[in-house]
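A.B. asks: Chain by chain, the residues run as shown.
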Amino acid sequence: MTMLGDRQQLSYIAAQAADARLNLELETEGMTLNIGPQHPATHGTLRIIARLDGEQVVWAEPACGYMHRGYEKLTEVRTFPQVTTLVNRIDWLGSFANEVPFILAAEKLMGVEAPPRAAYIRTILFELSRIANVTLFLGDLGVQLGAITPVFLAFRDREYVLNLIESATGGRFHPNFDRIGGLKDDLPAGWIDETHAVMKKLRGFCDQIEDLLFGNEIFQSRTRGIGVIPRDVALQYGLSGANLRASGVDWDLRRDQSLPMMWNKADWKVWTHPDGDSFARCWIRLQETRESTKIVDQLLGVIPSGPIMAKVPKIIKVPEGEAWVSTENPLGEMGYYVVSRGDLGPFRVKIRSASFNNISITPWLLRGVYVPDIVTILASLYFILGDIDR
Amino acid sequence: MPRKWPKQKVRQLSSNSETATPVVDHERERVLEAIKGSLGDSLVESHIKPGDDLWIRVSTESWQASVQKLRDAHSFDYFGFLSAIDWMPSPYGRGEDDPTEPAPVRDTTIRSGYAGGDTRMQVFIRIVNSTTHFGITVKVDVADSSPSVDSLVSIYAGANWHERETHEMFGINFVGHNDLRNMYLPVDFEGHPLRKDFPLLARMVKPWPGIVDVEPLPGGDEEESVDAKDGDA
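For the record, the sequence lines run as chains C and V.
The working numbering numbers the first residue of the first sequence as 31 and each following residue consecutively.
The working numbering numbers the first residue of the second sequence as 159 and each following residue consecutively.
Careful, some of the hints might be misleading.
[Stated by the list, open to error] Cut-off 27 Å, straight-line C-alpha distance, at most; resulting in silico cross-link-like pairs (DSS-like, lysine-lysine):
hint, chain 1, residue 1, chain 2, residue 2
1, C, Lys341, V, Lys207
2, C, Lys324, C, Lys214
3, C, Lys230, C, Lys299
4, C, Lys295, C, Lys231
5, C, Lys103, V, Lys354
6, C, Lys214, C, Lys295
7, V, Lys207, C, Lys347
8, C, Lys103, V, Lys364
9, C, Lys347, V, Lys364
10, C, Lys214, C, Lys344
11, C, Lys295, C, Lys103
12, C, Lys103, C, Lys347
13, C, Lys299, C, Lys231
14, V, Lys354, C, Lys347
[Unchecked claim] Non-contacting residues of chain C with respect to chain V, defined by C-beta distances greater than 10 Å in every case (computed):
hint, residue
15, Val88
16, Gly245
17, Pro304
For the record, the hints were derived by calculation from the structure and aren't laboratory data.
The beta-carbon is built from N, C-alpha and C at its ideal position, and this holds for glycine as well.
All chains should be built: construct the whole structure from the sequences, respecting the hints.
C.D. replies: Here it is as structure tokens:
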């Protein structure tokens with residue numbers, strides 16, 4: 031089984047041979063480095079055990095499970111509307127986006143479709159949660175490399191987006207706003223103008239980050255050519271989102287899938303990058319934030335009037351069947367395989383979260399890299415611990 | 159200020175969904191025919207939901223070979239996920255029983271989902287063709303006596319963690335996977351939590367208070383009375 035890319039493998043073998051000669055002379059031995067569970071690069075409590083030979087990683091393995099909450103078991107004792115409260119907590123930076131695929135799966139099984147106005151507002155809130163999520167990534171990226179300023183800018187500008195989400199849904203982090211058949215509430219007055227203004231600010235933030243970080247020489251030399259994931263490896267590990275598009279795969283579920291959402295009503299672009307390195311992954315996310323602001327701006331202008339809730343029974347029983355719905359969440363493909371038995375609650379829900387697949391590549395990816403690069407590679411893969419452990 | 163909901167006729171798609179989606183899904187029929195051709199007898203059963211999805215079930219012995227063929231001959235090169243389903247309804251229901259009363263007897267007859275099944279547990283994967291973005295769900299039966307199937311790690315490297323997770327949650331052995339350590343649970347944990355006969359212990363010791371979903375729907379009568387109460391307070 032060939033696992034390493036040619037270039038990576040050759041450099042790894044050469045470094046191993048050189049180190050082996052040195053180790054024989056100096057009688058050195060390997061060292062085990064423990065990173066985490068509490069580390070700023072881990073967005074939660076991820077522990078990484080790395081076996082080092084000098085400055086190089088010989089073997090690395092993430093240890094998950096510090097935040098396992100057993101959501102798949104818990105969904106089996108909840109009713110369908112109650113499940114959204116749980117799935118809000120999976121990727122806590124983009125909570126609204128977690129609710130959408132589950133609600134869409136339930137609606138698919140019931141044969142209900144949300145009214146157009148609800149679908150538009152859903153799409154807008156979905157993109158806002160992406161912006162809130164990725165903004166933090168862009169700021170946090172600087173911290174991993176020793177640049178402090180971007181994170182303050184990111185926290186400042188993310189606050190505007192969180193305020194918007196809060197004023198529309200009532201919750202800054204966990205909106206719990208999506209309902210089977212529509213939304214809980216309509217938009218408040220003045221929200222649309224405010225959102226336009228914030229989107230403008232966010233585009234300014236993206237420009238600022240691009241100047242501060244992406245044009246920075248240190249940033250480039252720390253990320254370019256580091257942590258390269260070839261296309262076929264990315265596919266067989268099930269990487270998704272920006273990590274997959276950074277490896278040159280032109281695939282965005284928002285564009286390539288027909289869902290009752292309104293992304294196709296806006297004019298936007300799916301960005302890809304041929305390099306597959308840490309820089310490419312970060313760059314794709316920067317571009318995606320810009321595209322998201324464009325989507326929001328365009329959709330805000332064309333929200334139709336009308337009801338925000340379809341006619342659904344007061345007590346929701348979902349007909350028997352199986353449905354798989356996945357959407358392009360801030361972290362990648364997030365999907366729910368929902369099995370219903372015509373009961374009040376689901377029979378089984380398999381939660382396919384993006385970070386679980388994205389981080390499962392790390393034992394392969396970290397082999398042969400130098401210790402300081404572990405942090406940048408992890409940061410560029412971008413995971414949320416709640417999204418790994420569920 | 160209570161919000162007044164416009165009394166409009168709501169478009170309900172459940173009634174006209176028959177006309178909206180094609181009754182025969184030509185694209186999925188075509189893919190299924192191609193898969194039937196290359197898998198032969200390994201393909202046990204299939205199910206198409208027009209305009210939605212395609213399910214196939216392959217025989218347990220041919221699990222690894224079938225998935226290999228699907229990847230090589232049909233370019234399902236993207237690995238979505240791997241997991242399992244326990245088709246036995248839980249003897250504990252939804253954990254809403256009163257713990258002081260004697261436990262009610264529930265029907266635990268095993269009934270499989272789409273594409274059928276002969277065993278209590280099934281392993282299933284979601285794989286996608288990364289060029290056409292066409293995805294299928296592949297299921298396989300797992301013997302009741304010794305739940306075990308071949309590992310897919312040699313086909314999709316990403317199956318590694320998914321098989322570890324399925325192993326600890328369902329107790330299914332993956333032959334050929336040499337590192338089936340627990341991902342989440344402690345080393346000495348006994349039982350397999352996602353099996354239906356594993357009770358949710360939190361519900362066993364204390365009854366669940368949220369049995370009834372009391373949130374009123376927008377436009378319902380109850381909401382106005384709730385709003386009125388708020389206004390009074």
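A.B. asks: Now tell me if each hint is right for this structure.
C.D. replies: Each hint, compared with the structure:
no. : hint                : verdict
1   : C/Lys341 / V/Lys207 : holds, 24 Å
2   : C/Lys324 / C/Lys214 : holds, 25 Å
3   : C/Lys230 / C/Lys299 : holds, 18 Å
4   : C/Lys295 / C/Lys231 : holds, 23 Å
5   : C/Lys103 / V/Lys354 : holds, 9 Å
6   : C/Lys214 / C/Lys295 : holds, 23 Å
7   : V/Lys207 / C/Lys347 : holds, 20 Å
8   : C/Lys103 / V/Lys364 : holds, 17 Å
9   : C/Lys347 / V/Lys364 : holds, 25 Å
10  : C/Lys214 / C/Lys344 : holds, 14 Å
11  : C/Lys295 / C/Lys103 : violated, 37 Å
12  : C/Lys103 / C/Lys347 : holds, 19 Å
13  : C/Lys299 / C/Lys231 : holds, 20 Å
14  : V/Lys354 / C/Lys347 : holds, 21 Å
15  : Val88               : holds, 17 Å
16  : Gly245              : holds, 32 Å
17  : Pro304              : holds, 16 Å
The structure does not agree with numbered hint 11 stated previously, though it agrees with all others.
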